[in-house]
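Chemist: Whenever a hint applies, use it, and build me the whole structure from the sequences.
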Amino acid sequence: MSVRVSSEWLNSCSGCEISIIDMGERLLDVLQVADIVHIPALVDSKYFGPLGDGKHLTLPEADVGLISGGIRNEEHLEVALEMRKKCNLIIALGTCATHGGIPALANSWTPGEMMERVFTTETTDQPAAYPAEGVPPLLESCYAVDEKIKVDIYLPGCPPHPDQVFNALIALVQGKPLSVSNKSVCDTCPTVRKGKGELKQVRRFLQAPHYQAPDEPLDQMRCLLEQGLLCMGPVTHAGCGGDAVTPRCISARVPCRGCSGPVRHEGNQLLDMLNALASNGIDLKSIPNRPLLLRFSGAHSLLKPAIHERRSS
Amino acid sequence: MTQAITIQPITRIEGHASIKIWLDDAGNYQDARVNYMSLRGFEKFVEGKPAEELPDIVCRICGICPWMHHLASNKAVDRCFGVTPTPAGHKLRELMQTIAHAEDKLLHFYFLAAPDFVIGPDADYAVRNVVGIAKANPELATQVVKMRYLVKMILDKFSRKTIHPIAGVPGGFSKPMLEEERQDILGKMRQVLDFALFTIDFAKKNVFPKYLDAIKTLGVITTGFIGTVDENGAHNLYDGRIRLMKADGSYVDFDVQNYADYLGEHVEPWSYGKFPYARTWNEGFALDVDHPKGIYRANTLARINVADRMATPRAQAELEEFRSLFGRPAQATLLYHYARLIEEVYACERAIEILEDPEITDPNVRAKVEPQAGRGVGCVEAPRGTLIHDYSTDANGLITRANLIVGTTHNLGPINLSVKQAARALIHDGQVTEGILNRIEMAVRAYDP
Chain A
1 MSVRVSSEWL NSCSGCEISI IDMGERLLDV LQVADIVHIP ALVDSKYFGP LGDGKHLTLP
61 EADVGLISGG IRNEEHLEVA LEMRKKCNLI IALGTCATHG GIPALANSWT PGEMMERVFT
121 TETTDQPAAY PAEGVPPLLE SCYAVDEKIK VDIYLPGCPP HPDQVFNALI ALVQGKPLSV
181 SNKSVCDTCP TVRKGKGELK QVRRFLQAPH YQAPDEPLDQ MRCLLEQGLL CMGPVTHAGC
241 GGDAVTPRCI SARVPCRGCS GPVRHEGNQL LDMLNALASN GIDLKSIPNR PLLLRFSGAH
301 SLLKPAIHER RSS
Chain B
1 MTQAITIQPI TRIEGHASIK IWLDDAGNYQ DARVNYMSLR GFEKFVEGKP AEELPDIVCR
61 ICGICPWMHH LASNKAVDRC FGVTPTPAGH KLRELMQTIA HAEDKLLHFY FLAAPDFVIG
121 PDADYAVRNV VGIAKANPEL ATQVVKMRYL VKMILDKFSR KTIHPIAGVP GGFSKPMLEE
181 ERQDILGKMR QVLDFALFTI DFAKKNVFPK YLDAIKTLGV ITTGFIGTVD ENGAHNLYDG
241 RIRLMKADGS YVDFDVQNYA DYLGEHVEPW SYGKFPYART WNEGFALDVD HPKGIYRANT
301 LARINVADRM ATPRAQAELE EFRSLFGRPA QATLLYHYAR LIEEVYACER AIEILEDPEI
361 TDPNVRAKVE PQAGRGVGCV EAPRGTLIHD YSTDANGLIT RANLIVGTTH NLGPINLSVK
421 QAARALIHDG QVTEGILNRI EMAVRAYDP
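Protein sequence lines, in the order shown, are assigned to chains A and B. Residue numbering for the first sequence follows the numbering used here, starting at 1 and increasing by one per position. Residue numbering for the second sequence follows the numbering used here, starting at 1 and increasing by one per position.
Please note that a few of the clues may not be correct.
These stretches of chain B come out as covered by chain A in the derived footprint (C-beta under 8 Å, 3 or more residues) [to be verified]:
(1) 50-60
(2) 127-136
(3) 157-166
(4) 169-177
(5) 265-277
(6) 375-387
(7) 433-439
No wet-lab data here; the hints were simulated from the structure. Glycine is no exception: its CB is placed at the ideal position from the N, C-alpha and C atoms.
Modeler: Following this line, the structure appears as structure tokens:
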């Protein structure tokens with residue numbers, strides 16, 4: 001049985017598409033069962049036909065539509081609506097699609113404020129007007145895909161691990177349900193937790209965390225949050241390590257920054273993290289920048305133009 | 001009535017762009033443009049963030065070359081905070097960057113560019129892609145997929161996360177390299193070097209000769225070039241001085257901290273992407289195919305043009321052969337593909353050199369940093385060109401201002417010129433075919449935007 005797959009990238013970086021390629025040889029297995037009808041990174045299928053003379057943006061029909069990236073401009077919106085129309089099932093691929101991702105940090109400012117900075121940097125010859133010919137107008141905000149169209153399956157991750165993409169595609173081909181985990185990064189982290197940390201201040205990530213030897217296994221290293229680092233593990237969806245499970249950043253001795261978004265789709269990483277820190281008696285004033293707790297999940301109106309004005313005190 | 005053709009999206013590239021071509025009543029070329037459609041606003045939304053967090057934010061500018069943004073950002077923050085990375089930290093960063101280059105060039109050559117050359121520019125679009133290659137030449141395709149995966153997983157396994165990396169940190173690197181890791185990666189990179197040599201040989205024998213006519217004509221423009229060189233004028237991807245060369249081969253070298261004295265960014269009303277140009281030439285900016293002003297190019301061809309030599313032996317031998325055929329600076333746009341494969345050889349040789357340096361396993365990988373007010377410009381050569389991150393911080397080490405010139409953007413002007421040139425040369429009397437439109441896109445793909 002062959003499944004038609006269509007893929008689009010919106011306000012994104014192409015990391016999700018590279019993660020698809022990072023399935024390695026499994027990609028060749030996927031190509032045996034999937035017929036890729038549209039993916040701009042790899043296949044020459046055009047919105048306005050092969051001769052570029054079509055009048056309307058048109059995408060091919062498909063069983064499965066993968067959408068990476070949030071929705072930031074009118075073209076993204078048009079493509080998302082067309083994908084919804086032509087695909088039986090829509091997968092929001094990656095945290096930009098599920099929760100806005102890093103580009104939704106821009107939601108702390110208006111589109112006008114953003115344009116003003118971009119087109120007045122010290123090397124830029126300031127234009128009389130911002131670009132507006134042949135480029136899609138910006139929307140007010142950077143939206144997650146489900147704020148504009150119905151989404152059937154969420155695959156967060158920045159990017160999703162190739163194992164997750166592979167497992168999802170194979171399950172769809174075989175008509176099996178997808179198992180969705182409600183675990184947090186902490187639930188899958190092997191580091192040593194002793195209960196409450198001794199520190200009352202959040203420590204910025206300016207020096208290495210404490211561990212004994214370069215090859216010390218993770219299950220002997222003290223939890224980074226208990227070492228005072230702002231590790232987002234408690235409020236972040238698990239799965240970044242793929243089938244191997246171990247959280248990626250922590251295994252590099254680096255705190256989790258929350259890149260897979262909230263544990264439950266509708267969760268709020270900022271509020272959940274403030275709660276977690278407060279219950280451990282940590283002084284919330286020591287957080288250097290609160291909007292950064294929504295580093296990957298600022299869509300769904302969680303980051304707004306006024307928020308950056310509010311100081312962390 | 002004029003006729004408009006829209007090629008959208010430009011495919012088998014790594015960003016969001018479209019081509020618009022206008023024909024006159026007789027169906028001949030009138031004008032063409034490449035619109036860059038994406039505006040995300042990184043220069044704005046990093047404001048107020050702790051500088052040490054930026055390397056993990058700005059890597060999201062590009063999922064194909066996240067290591068480049070990650071490391072340019074780390075260098076900029078090092079300078080803002082007045083810290084020098086430990087020697088091992090510095091070397092691990094360069095190692096990751098060099099291996100990332102090796103992976104990127106394989107991806108571009110085989111997955112994005114090769115369909116035009118192996119399947120053919122006029123082939124049905126349904127097979128003119130990597131899937132078509134897999135069906136036409138399964139043996140090669142399997143080897144390519146395996147080899148690219150091997151390189152990518154070196155980065156993934158050692159650094160733990162390669163899209164988007166987290167292991168570079170202000171002051172150095174987050175984890176040391178163990179001796180068994182060094183041995184393992186060294187063995188693998190020797191395999192990749194063999195494959196790089198196979199690839200350039202394969203291309204020189206089977207690909208480039210078939211397309212010599214296209215190389216001499218398609219998208220050909222005359223411009224200056226930019227790239228990084230070391231203290232001896234040799235090609236370097238990770239560190240050095242910036243060399244800005246005019247079309248006549250004369251050049252200036254400068255410290256990247258002073259980049260704003262040399263480069264400017266022009267804005268056109270029809271593109272969110274800004275157009276960097278050589279402000280220091282004092283000729284302004286003009287997208288005129290026959291008389292361009294201020295236009296220079298970046299990326300592979302530019303780097304091997306500005307360099308006096310390659311710093312590793314096999315890459316140097318390849319450069320000598322290339323120069324004997326095409327001179328210096330070489331201007332033909334499709335030669336970007338050839339230059340890319342020379343750099344692939346360099347990247348593998350350089351990675352092996354770094355891995356053979358005993359200091360690479362020194363556990364002292366990270367110097368402690370303290371936030372402070374400062375300014376720093378960090379630069380590396382990204383696969384797509386000279387990448388500049390320029391930050392200022394306040395006394396708490398929070399970002400007050402950021403200016404970015406991203407590798408690809410140096411080529412936005414040149415890509416426009418190459419598309420205009422190709423459309424003017426290929427479209428006559430209203431004859432527009434899929435093959436012609438794909439050839440126009442090939443002029444874009446050479447730049448790997």
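Chemist: Is the listed coverage of the stretch 157-166 of chain B by chain A valid when you require three or more residues with a beta carbon under 8 Å from a beta carbon of that chain?
Modeler: holds (count 6)
Chemist: Using C-beta distances, would you say chain A covers the stretch 433-439 of chain B, given that this needs three or more residues below 8 Å?
Modeler: The restraint on the stretch 433-439 of chain B holds, since 4 of its residues have a Cβ under 8 Å from chain A and three suffice.
Chemist: Are there three or more residues in the stretch 50-60 of chain B whose C-beta lies closer than 8 Å to some C-beta of chain A?
Modeler: holds (count 6)
Chemist: The stretch 265-277 of chain B covered by chain A? Criterion: 3 or more residues, Cβ-Cβ distance below 8 Å.
Modeler: holds (count 10)
Chemist: Mind checking, does the stretch 127-136 of chain B have 3 or more residues with a CB under 8 Å from chain A?
Modeler: holds (count 5)
Chemist: Taking beta carbons only, do three or more residues of the stretch 375-387 of chain B come closer than 8 Å to chain A?
Modeler: With 0 residues closer than 8 Å to chain A, the stretch 375-387 of chain B misses the three-residue bar; violated.
Chemist: Against chain A, does the stretch 169-177 of chain B show at least 3 residues with beta-carbon separation below 8 Å?
Modeler: holds (count 6)
Of the numbered hints stated above, the single one contradicted by the structure is hint 6.
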